[in-house]
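Starting from the known structure of chain G, fit chains V, R, X, S, E and Y onto it as the hints suggest.
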Amino acid sequence: MTSIKPLGDRVVVQPKPAEEKTESGLYIPDSAKEKPQEGTVVATGPGRVEDGTRIEMTVEEGDDVLYGKYAGTEVTLDGDEYLIMRESDIFGVVEG
Amino acid sequence: MTSIKPLGDRVVVQPKPAEEKTESGLYIPDSAKEKPQEGTVVATGPGRVEDGTRIEMTVEEGDDVLYGKYAGTEVTLDGDEYLIMRESDIFGVVEG
Amino acid sequence: MTSIKPLGDRVVVQPKPAEEKTESGLYIPDSAKEKPQEGTVVATGPGRVEDGTRIEMTVEEGDDVLYGKYAGTEVTLDGDEYLIMRESDIFGVVEG
Amino acid sequence: MTSIKPLGDRVVVQPKPAEEKTESGLYIPDSAKEKPQEGTVVATGPGRVEDGTRIEMTVEEGDDVLYGKYAGTEVTLDGDEYLIMRESDIFGVVEG
Amino acid sequence: MTSIKPLGDRVVVQPKPAEEKTESGLYIPDSAKEKPQEGTVVATGPGRVEDGTRIEMTVEEGDDVLYGKYAGTEVTLDGDEYLIMRESDIFGVVEG
Amino acid sequence: MTSIKPLGDRVVVQPKPAEEKTESGLYIPDSAKEKPQEGTVVATGPGRVEDGTRIEMTVEEGDDVLYGKYAGTEVTLDGDEYLIMRESDIFGVVEG
Amino acid sequence: MTSIKPLGDRVVVQPKPAEEKTESGLYIPDSAKEKPQEGTVVATGPGRVEDGTRIEMTVEEGDDVLYGKYAGTEVTLDGDEYLIMRESDIFGVVEG
Chain G
1 MTSIKPLGDR VVVQPKPAEE KTESGLYIPD SAKEKPQEGT VVATGPGRVE
51 DGTRIEMTVE EGDDVLYGKY AGTEVTLDGD EYLIMRESDI FGVVEG
Chain V
1 MTSIKPLGDR VVVQPKPAEE KTESGLYIPD SAKEKPQEGT VVATGPGRVE
51 DGTRIEMTVE EGDDVLYGKY AGTEVTLDGD EYLIMRESDI FGVVEG
Chain R
1 MTSIKPLGDR VVVQPKPAEE KTESGLYIPD SAKEKPQEGT VVATGPGRVE
51 DGTRIEMTVE EGDDVLYGKY AGTEVTLDGD EYLIMRESDI FGVVEG
Chain X
1 MTSIKPLGDR VVVQPKPAEE KTESGLYIPD SAKEKPQEGT VVATGPGRVE
51 DGTRIEMTVE EGDDVLYGKY AGTEVTLDGD EYLIMRESDI FGVVEG
Chain S
1 MTSIKPLGDR VVVQPKPAEE KTESGLYIPD SAKEKPQEGT VVATGPGRVE
51 DGTRIEMTVE EGDDVLYGKY AGTEVTLDGD EYLIMRESDI FGVVEG
Chain E
1 MTSIKPLGDR VVVQPKPAEE KTESGLYIPD SAKEKPQEGT VVATGPGRVE
51 DGTRIEMTVE EGDDVLYGKY AGTEVTLDGD EYLIMRESDI FGVVEG
Chain Y
1 MTSIKPLGDR VVVQPKPAEE KTESGLYIPD SAKEKPQEGT VVATGPGRVE
51 DGTRIEMTVE EGDDVLYGKY AGTEVTLDGD EYLIMRESDI FGVVEG
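Chains as they are written, first to last, in my numbering: chain G, 1 to 96; chain V, 1 to 96; chain R, 1 to 96; chain X, 1 to 96; chain S, 1 to 96; chain E, 1 to 96; chain Y, 1 to 96.
Next comes chain G alone, as it looks inside the complex (with noise of 0.2 angstroms):
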């Protein structure tokens, strides 16, 4: 099976499809500010490195995250969509 090791400080994210329709269908406008996107943690990198020390990474596998509806870039594995997106893209850890 094929898998990505990110670089850096990138995260692979596997994303929870939006639901942006009421269940009678009706698209619903909350607000005019963007709303995060939801999904999962797959894979992490090792962290990037600054002024010579590696800044280990907050996030890992099986994370719940939230983060910017433009974050990241879109990669196909094995027919299914993931992104890569650093870890600063992550607004913050789903818990309960």
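No lab work stands behind these hints: they were computed from the structure. The beta-carbon is built from N, C-alpha and C at its ideal position, and this holds for glycine as well. Hints may contain errors.
A few chain R residues facing chain S, derived, Cβ under 8 angstroms [claimed, not checked]:
no., residue
1, Pro36
2, Val49
3, Glu50
4, Asp51
5, Ile55
6, Met57
7, Thr58
8, Leu66
9, Gly68
10, Thr73
11, Ile90
12, Phe91
13, Gly92
14, Glu95
15, Gly96
Just chains V, R, X, S, E and Y now, with coordinates in the frame of chain G:
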């Protein structure tokens, strides 16, 4: 119950509803300048790392804070609207 | 009474009313250059952190300061208008 | 045979041909997002110098890498097309 | 008498009147290039802080300095016009 | 004979003439991507200074180098055309 | 006699007149590329301060230097035209 653990120097803020009308219902623009919004901090990240040292956060849960009208990204948790923003987007803490 | 504790190197300034008219009521543009505004510092933050060290603030409460016409964000406290700006937006302290 | 010794953190990549058509010959745009390209590293620089320390390269010769569609500069060596790009333009290494 | 204590690496300069006309009253543009203005330093800040160290100022009160036509912000003190600018806006000191 | 001693991390390069036509005289654009130019290093600066340390140059006199089409500034010495560019404008050294 | 003591890493250069015509009086554009100008250094600053250390200047009085066509600011001293520019605007020193 769902919650978000912000990364780096991000905070989750529950905004207070803006009062843009007078009691009689008129919109009164006092000035062309951007006015800050007010909200309550409900979660804080661990702080960002600079040159290998983590900078501690200044705001904490329960703080009433002021922030710019365009700060942060909206996120919905269990039906409530929150904002995820960087601590540097916060102007100050309201007291008294 | 409500007050604001600014974060980082921000200060709260109570602006003095601009005098843009002569005594006889005429507007006299002396120059196309931006003229600084004058105000009084009413609260200061603890200073910003650079490379793990907090840089002490130079201005203090009660200082009369000059700042650019477009500096800061307006905020209303108990009916009075204030500006929250960074110390670096302040040009100098007026003395004598 | 001609070869290129890249400077700093640059790498020479031999790109794989993009498959933009289905077997029946139709172009299928899956998404408006930029898709990474895939190639094989054929030469790496010694790494860039930051604050007097050389940062070691992460990728090595023979690695299959993903990079942005607009990354790098084309160069022709003995009739074959290559790309010279910075290591930071590489998203990750494909494994398996 | 009113005076200004500049913050950081700012200086207060009293500009000399520009001579843009010849004695016979004609305007003579020598070149399309910006010409520096000349003025006298009347107050200097303590210098800016970089990495916890204060960088000493180079110019001092009484120095005749050259600066760009668009440098600084005009301020009126007791009826006289001054400019507040950063020391880095000053090209050099006129001697002799 | 006139020569140039470049400052900092600049190098003087004698460009090789571009071959943009086939032997039969047709212009063949292979790709919309920028193609690097090739030239020979004839002089190098001492290297730039970063944080008080001089970074040694990587290329040396006689090296065949690749650089971007828009890199450098043309200079004429004793009737010959050269380019002065920064070492960071050089992609790599051609060998073999 | 009037002279200028440049601040930081600035230098005062006396430009040589550009020769843009052939002997028979025709203007010959060799290339669309910017050509450097030549001049003689008549004064140098003490060097700029980086992280508390003064970086020594490389050029000195009397050096013939090349610089970009748009580098520096014109200044007139005792009727002669000079340019004040940063040392980093100088490409190299002409020798021989």
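Original post:
Does R:Asp51 pass the interface check with chain S, least Cβ-Cβ distance below 8 angstroms?
Top reply: Cβ of R:Asp51 sits 6 angstroms from chain S, so the hint holds.
Original post:
Against chain S, with CB atoms and a cut of 8 angstroms, does the hint on R:Ile90 hold up?
Top reply: holds (6 angstroms)
Original post:
Per the CB criterion, is R:Phe91 less than 8 angstroms away from chain S?
Top reply: Hint holds; R:Phe91 Cβ to chain S Cβ min 5 angstroms, cut 8 angstroms.
Original post:
Can the hint on R:Glu95 be confirmed by a CB-to-CB distance to chain S that is less than 8 angstroms?
Top reply: Holds, about 5 angstroms.
Original post:
Was the hint right that R:Ile55 lines chain S, CB cutoff 8 angstroms?
Top reply: Hint holds; R:Ile55 Cβ to chain S Cβ min 6 angstroms, cut 8 angstroms.
Subject >> Cut-off 8 angstroms, beta-carbon criterion: hint that R:Pro36 touches chain S >> reply: holds (5 angstroms)
Original post:
Measuring from the C-beta of R:Met57 to each C-beta in chain S, is the shortest one below 8 angstroms?
Top reply: For R:Met57, the interface hint is violated, since the closest Cβ of chain S sits about 10 angstroms away, which is over 8 angstroms.
Original post:
When the nearest CB of chain S is found for R:Val49, is that gap smaller than 8 angstroms?
Top reply: Not OK, violated: R:Val49 not within 8 angstroms of chain S, min 11 angstroms.
Original post:
Does the nearest C-beta of chain S fall within a distance shorter than 8 angstroms of the C-beta of R:Gly92?
Top reply: holds (4 angstroms)
Subject >> Cut-off 8 angstroms, beta-carbon criterion: hint that R:Thr58 touches chain S >> reply: Nearest chain S Cβ about 6 angstroms off; hint holds.
Original post:
Given R:Thr73 was flagged as interface, is its beta-carbon under 8 angstroms from a beta-carbon of chain S?
Top reply: violated (20 angstroms)
Subject >> Residue hint R:Gly96, partner chain S, criterion CB-CB below 8 angstroms >> reply: holds (5 angstroms)
Checked against the numbered hints given earlier, this structure breaks hints 2, 6 and 10; the rest are met.
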